[in-house]
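Chains Z, H and V, in that order, give the protein sequences. Numbering of the first sequence is given in the numbering used here, commencing with residue 715 and proceeding in unit increments. Numbering of the second sequence is given in the numbering used here, commencing with residue 1196 and proceeding in unit increments. Numbering of the third sequence is given in the numbering used here, commencing with residue 6 and proceeding in unit increments.
It should be emphasised that the hints constitute simulated quantities derived from the structure, not laboratory data. Even glycine gets a Cβ: it sits at the ideal position worked out from N, Cα and C. Heads up, a few of these hints could be off.
Across the chosen pairs, the derived CB separations fall in these ranges [said to hold, decoys possible]:
| # | chain 1 | residue 1 | chain 2 | residue 2 | range |
| --- | --- | --- | --- | --- | --- |
| 1 | Z | Ser-1382 | V | Gln-137 | 31 to 41 Å |
| 2 | H | Ala-1275 | Z | Ala-1139 | 36 to 46 Å |
| 3 | Z | Thr-735 | V | Ile-32 | 33 to 43 Å |
| 4 | Z | Leu-1032 | H | Asn-1201 | 57 to 67 Å |
| 5 | Z | Leu-874 | H | Asn-1201 | 41 to 51 Å |
| 6 | Z | Ala-955 | V | Gly-14 | 34 to 44 Å |
| 7 | H | Ser-1287 | Z | Gln-822 | 25 to 35 Å |
| 8 | Z | Ser-898 | H | Asp-1289 | 49 to 59 Å |
| 9 | H | Ser-1197 | Z | Ala-834 | 49 to 59 Å |
| 10 | Z | Ala-1045 | V | Gly-14 | 31 to 41 Å |
Listed below, chain by chain, are the residues.
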Amino acid sequence: MAANDAFRDLFFEEAEDLLATLSDDLVRLSAGEFDNEIVHSIFRAVHSIKGSAGAFSLEELVDFAHRYETVLDGVRSDRLELTPDLFRVVQRSADHLAVLVEAARTEQETDRAVTETALAALDACLCAASATGADPMPTASETPEAGPAQEEPQFGFVPLSLDLDSLAQTGPQSFDICFRPHPSLYENGHEPALLLAQLAELGHLETEIDLSALPHWSAPEIVEQALSWKLRLATDATQDAIEEVFDFVDGLCDLTIQAEGNDMPETVVQNGAPIETATTKLAEPDAAPTATCIEAETAEPASAAKSVAAADTPRPTLRVDLDRIERLFNAVGELIINQSMIAQRVDDLQLHHDADMAVHVESYRLLARDIQEAVMAIRAQPVKPLFQRMSRIVREAADGTGKQAQLVMVGEGTEVDKTVIERLADPLTHMIRNSVDHGLEGPEQRCANGKDPVGTIWLSAAHRSGSVVITIRDDGGGLDREKVLGVAVKKGLVPAGADLSESEIDNLIFLPGFSTASATSLLSGRGVGLDVVRTAVQSLGGRVNIVSRPGKGTEFTIALPLTLAVLDGMLISVGNISMLVPISAVLETIRPLAGEVQAVGPDECLLSIRGRFVPVIDLAANLGVPRAVEADAPMLLLLVETEARGTCALLVDRVHDQRQVVIKGLESNYGHVPGVSAATVLGDGQIALILDPDAIVAQNHGAGLRAVIPS
Amino acid sequence: MSVRENLRVMVIDDMGVSRALVTNALDEMGVIHYSAEADPKAALAKLSASPVHLVLCDMNMPGMNGLQLLEALRRQPATANIGFIVITGTPSPDIIQKGQALRLNNLVAKPFDTPKLRTAIEQVIGKRL
Amino acid sequence: MQDAADQNGEVEFVIFTSGGQSFSLDIRHVREIRGQSAVTPLPHAPEEVLGVTNLRGAVIPVFDLARCFALGATVDAERNVIVIAMNGTQTIGLLVQSVSEIVSFPRANIQDAPDMLGGSAQSHISGLVPLQEGMSRVIDLPSLIQRRMPVPA
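So that you can see chain Z by itself, here it is in the shape it has in the complex:
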């Protein structure tokens, strides 16, 4: 079936959800929680993926899911015992299913051999079961359908026909309606007579007013609620259409609508008994029409929420085109800038006597921040699916290295911007794989060291003061600092005899050029490609850090901004240009003393700081702008951490303050500017450029620096 692309996207979204459920269920099973309902749920997830995948002709996926499902069916019907070995196969099959779904989504080739291996493992389980023989298991070839190729006619099902002859002549149906307005109905300006007139438009209406509840004439006043109507409506309209008439008096009356079954002419559905919709939803004050509407759109019927156990009912969601969210996001960015411009303007006017104004400005600020947070929350997603993928990586890496490893996840409900999550997948995969490959020791060594042969990796996420912190901790051997330092010196990354703290030594492994194949074996592999990880994290405006305890393990910490749309930066100026340096790159500000900066060669300067030498880069010269301070003014250096050259010192004119800004692209209206990653609008409406320290350092030409060396 040529299912179109919209359905395809929907399929992958749902498959992702199902895989997450599957993964959760497997975790519960492995935690020793055996419950047939969990097995059923696993079976259903695999079955649903198979069923939908068939519509998109994803044959490899369907074939695999089918065989997997057969095994799961065996487990759920007690034909297969869930031994630890079988559980392993079930778990690995879930991993492979995820791989196949991902391959289908990205339309990439899969390694058919891997699928064959996975299929063989499943078949082995089925064979083992038939060998023990109590209850024969159907093998793949015997199952009634062998995948999408199956054609009709099938399975000898004889259709049972309905008598629809009367369908063409659906006559009117009668409804008995009981309508008792509350006083509030009148108070809200509704008029029962108008409602009755509307009903009359639907068909033939007989009305009967019920005065029986009227108080005696001697009562002090007429209680309006005492009035009620008994109505009989013969109509072609549906019950929904009748209910619609009463939509506006929802909660303001008691209403019962009964379809009269006996009078129902020979329609297919013979309603033997009247259909009782006891006091329809209209009588429920909380079932506002809008709510019903939203729920209908999201395929979460109101009645579902009530009839199904709360735990089974996912909260109503709405799938929205990402473009619309982007638009909202941009508009909110404008709002924030506009708000700070107004605040600054009001401040400039010095309206101290106008306390009212101050209050308004402040509530505007709070409101704008609230909106910003709410909008950011729309894009925020839990890291759980990402973390779940990591448990697959751990299993794969452990299988590949003959180690035993488990992943413990903490805080997987933590929410982070969707884009951040997407771009975090690669570096995280890298680090997790690294932790298993090189962080954890083999089982023998672990036993020898008095540790559990099964290594543990903790993966956690948490919000901490406006950023999200992700840690990857292992209980492996830790770094051998002596060797790390030795290699760094040998490779010329640090001068011999440099006095580095333990943390500085640990961080050396992130330097490009530090890790090589030979370094890998020396240092139990730590450091392989970690420079790549750091680049990726920094490109997200984050930082990565390492803490290692010899013999006990290593912990990596990634701190990321919650969103990519705003940036924390240090506002500096160089010449007449205001610029922001991403705070993630800034280490410290320094006013060097005489002798701390020395010329080296014709146009290079080095700052000596704590026994290390860092290159000084003249930002003004690099940006091609004249400096705005006297040539003999004291030097002001901003120490930044860069990919290309490690720590560097940027010579700037002034350092103002730290602030959060909304990132604006330069590319759409202009293009790429060397050394500049983007721009932002400051509170006064002026534009400041966002510096890309790495690009500046990489393109550095240090002409004329000697003139500014303090003497």
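For chain Z, the structure is supplied; the task is to place chains H and V on it using the hints.
Just chains H and V now, with coordinates in the frame of chain Z:
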């Protein structure tokens, strides 16, 4: 009025993509009156309140499978004679046997296309759509 | 830019002065005209690119039109304005001395630019329109901008 303009159908499937595929096929057939439900229990409640002519239902759903839903419908007089077609990826003999006992009207194997679904519906209603 | 359909129709031009000379721009390119506002210089930009300015939250480059036509830098003055122009999806600003009028011409009245020094392709001029007091050069906006944009990253 033609059958397809009169036929009232409910599609029940917990998977959004399957619902979309079925309702898309109904659109292609020109069936106007259909609704779709994700939750079989909610569907049962709705059908009890306002029956339809024909239900197109997935087999495997959380909480209640297609045949359990059929059984519940057959048990209430108001819904006992609703036409019921199960759509399943695994049309096993077991399903067929239980289905026949419950006066299941037809069975459609996944994956299906519009002509296949149309045929299945026409077999049940005995008319061309 | 010249649709066959309105080959015989009228074209509206915004006429402005830059570097002491008259220029015109098809009004369909012009989004708005604003007073001169703060411009942040861009590093490594050609001299005719004054920098970037804030147009309701969007960051747009501002070109000194006089410099684009080698007429020297536009001198700071009260009357200076920035013509905000659209080139496809790109929004840019052109700093000019003053905007004088909006004039409508029959298409037939637009003359091809005579092949002068460097040829019209290099001059970013797509034609000439007659004015009461002389003539105005019609700016070929895509050509003008394209040469001044940095290479995409």
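The hints, checked one at a time:
Our hint of 31 to 41 Å for Ser-1382/Z and Gln-137/V holds, since their Cβ atoms are close to 40 Å apart. In this structure the hint that Ala-1275/H and Ala-1139/Z lie 36 to 46 Å apart at CB is violated, the actual value being about 52 Å. The hint said 33 to 43 Å for the Cβ distance between Thr-735/Z and Ile-32/V, and at roughly 59 Å that hint is violated. One distance hint, 57 to 67 Å for the beta-carbon pair Leu-1032/Z and Asn-1201/H, is violated here, with the actual separation near 32 Å.
Between Leu-874/Z and Asn-1201/H, the C-beta spacing of about 20 Å breaks the proposed range 41 to 51 Å. Restraint check, Ala-955/Z to Gly-14/V: a C-beta distance of roughly 53 Å breaks the suggested window 34 to 44 Å. For the pair Ser-1287/H and Gln-822/Z, the beta carbons lie near 33 Å from each other, so the given range of 25 to 35 Å is met. The beta-carbon spacing between Ser-898/Z and Asp-1289/H, approximately 55 Å, falls within the hinted interval of 49 to 59 Å.
In this structure, Ser-1197/H and Ala-834/Z meet the distance hint of 49 to 59 Å, their C-beta atoms being roughly 54 Å apart. Under the hint 31 to 41 Å, the C-beta atoms of Ala-1045/Z and Gly-14/V, about 37 Å apart, fit the expected range.
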